[in-house]
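Enquirer: Sequence:
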Amino acid sequence: HTTVRRGEKIIVSDFSKHPLFINTGWEGAIISLPLSIGQRIVGVMNVAHQEVHEFNEDEVRALELLADQAAIALENARLYTQLQTQVRRLSVLRTIDRAITASMDRHLTLSILLEQITTQIDVDAAAIWLMSATHSLEIAAHRGLEDIFQDTRLVQLGHTPIGKAALTRKTVFYASRTEFPTDMPPVGDFQTYGAVPLIAKGVLHGVLEVYRKETPQNPDDWLSFVEAVAGQAAIAVDNAALFSNLQQSNVQLALAYEATLEGWSRALELRDQETEGHTRRVTELTMELAHRMEIAPEEMVHLRRGALLHDIGKMGIPDHILLKPEPLSPEERAIMETHPVLAYNLLKQIPFLEKAMDIPYCHHEKWDGSGYPRGLKGEEIPMAARIFAVVDVWDALTSDRPYRHAWEEEKVKEYIRTNSGKHFDPSVVQAFLELLEEKQQTSEVKHALSD
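So the sequence shown is numbered by this note's numbering: it starts at 2 and just counts up by one.
Worth flagging that the hints you see were computed from the coordinates, not collected in a lab.
All C-beta atoms, glycine included, are put in the ideal place defined by N, C-alpha and C.
Hints may contain errors.
[Said to hold, decoys possible] Quick list of simulated restraints, FRET-style, between CB atoms:
1) Glu380 to His406: 31 to 41 Å
2) Asn47 to Glu332: 25 to 35 Å
3) Met301 to Asp59: 26 to 36 Å
[Stated by the list, open to error] Listed next, the in silico EDC-like pairs over lysine to aspartate or glutamate satisfying Cα-Cα at most 20 Å (straight line):
4) Lys202 to Asp184
5) Lys367 to Asp396
6) Lys315 to Glu435
7) Lys10 to Asp69
8) Lys440 to Glu295
9) Lys367 to Glu338
10) Lys315 to Glu332
11) Lys412 to Glu381
12) Lys356 to Glu285
13) Lys171 to Asp106
14) Lys414 to Glu289
15) Lys315 to Glu327
16) Lys325 to Glu76
17) Lys171 to Asp190
18) Lys171 to Glu147
19) Lys349 to Asp396
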């Protein structure tokens, strides 16, 4: 605790002579080092001796290096776990979406909702209450609450946390049992409680109740996703009554998917400031090139998603490699080249992104078979990846990097021409250079008109 509070290492050569340990009766020595990422402490590493010991400079330096590596490993593990959580959450939303579109049976839809809520988002029990004709809340479905709901079937608005959530149209949340109000109905051994109003298109349809036996590590983040699921649940309930609004609901969900993907791409760029704006630029240019090459309209959405997620696998690459300002060593390069496989392993869990994986998984393959990770050759490489490969190299070489300045555009064009048939698909190179020429001519015309 002292190390965390001070934010610096503590060295004790002799417990018996140090004020922190003088009355403990302990013998020996210890060095305590904070594990820091920037200004944030993510842990503490302690190294102790059973006897009195003077830590020399070499020992301290070695332990500080080890602490730095441990901090990086912990941070990367946290980021990877965070990303896996987002992937799992996106899968839950997709499953709920399928429930919305696959069935008009309200009972079946609610059962699927509760199954997803109680098995996929760290909820131990849940219930869905719906508005009745008498403007009270009636239990419609529940899971894990059989003992609690033996008698309670109807709740008036404004009464108990459920009724208050419905009346105010605001979430009622108690992170721990000590926060429970006096009018709280019996809740067994549950420690955390939330009641989220189910509102779709401005109409209150009911309330989603969730229960946990343990307080979540990050209550705000957990509640935020519960509220997102509640939003989907509200859509499902509304859809069962108003099938004519299904198409609008699906459009809204699709926008949520796209916003999530764009959020992932922005999160990666926040980690690597040197590539800021890269994802937006390559996505836009990839779509232009694909349109010029007459890619089928139904494939364009997958191509755009793949471009947005092209470097998502780099979330699993350590900072000291990803952010290194100098050229990578062979060993570091080998680690960096695992990011397409990391992307594949992350995205394969999401059915709706299956057709978007071509770019994240294959955009480092080369036309002559010398690329990675699988050494695909020629038309073995998916067309989306062949298109993106040219755009990615163009943007990379025309942008400043820590270890070099941006190339002149003509130099990059010549590089791409030279590597046609080696790195790049010749047909893509031709279309890309024609596109650049067309864009340049358009720009010149606009400039002339403005003058």
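Enquirer: Please go over all the hints and tell whether each is borne out by the structure.
Expert: Quick rundown of the hints versus the structure:
Distance hint for Glu380 and His406: a CB-CB separation of about 36 Å, consistent with the stated range 31 to 41 Å. At roughly 30 Å, the beta carbons of Asn47 and Glu332 sit within the given window of 25 to 35 Å. At about 59 Å, the CB distance of Met301 to Asp59 disagrees with the hint of 26 to 36 Å. Proposed proximity of Lys202 and Asp184 is contradicted: the alpha carbons are some 31 Å apart, above 20 Å.
Proximity of Lys367 to Asp396 is assessed by CA-CA distance (about 17 Å); at most 20 Å being required, the pair is judged to hold. Taking the CA atoms of Lys315 and Glu435, the gap is about 32 Å. The hint is violated against a cut of 20 Å. For the proposed pair Lys10 and Asp69, the alpha carbon gap of about 12 Å is at most 20 Å, so the pair holds. Proposed proximity of Lys440 and Glu295 is supported: the alpha carbons are some 17 Å apart, at most 20 Å.
For the given pair, Lys367 sits about 14 Å from Glu338 by alpha-carbon distance, which is consistent with the 20 Å threshold. Annotation: proposed proximity of Lys315 to Glu332 holds, straight-line Cα distance about 16 Å (limit 20 Å). Using a Cα cut-off of 20 Å, the hinted pair Lys412 and Glu381 is violated, with the two alpha carbons roughly 29 Å apart. Restraint check for Lys356 and Glu285: the C-alpha separation of about 19 Å stays at or below 20 Å, so the hint holds.
Annotation: proposed proximity of Lys171 to Asp106 is violated, straight-line Cα distance about 28 Å (limit 20 Å). For the proposed pair Lys414 and Glu289, the alpha carbon gap of about 17 Å is at most 20 Å, so the pair holds. As the CA atoms of Lys315 and Glu327 are separated by approximately 17 Å, the hinted pair is consistent with the 20 Å bound. Taking the CA atoms of Lys325 and Glu76, the gap is near 17 Å; set against the 20 Å cutoff, the hint holds.
Our distance criterion of 20 Å between C-alpha atoms is broken by Lys171 and Asp190, whose separation comes to about 25 Å. For the suggested pair Lys171 and Glu147, the alpha carbons sit about 26 Å apart, so the restraint of at most 20 Å is broken. With a C-alpha separation of about 27 Å, the suggested pair Lys349 and Asp396 falls outside the 20 Å cut-off, and the hint is violated.
Of the numbered hints stated above, those contradicted by the structure are hints 3, 4, 6, 11, 13, 17, 18, 19, listed in ascending order.
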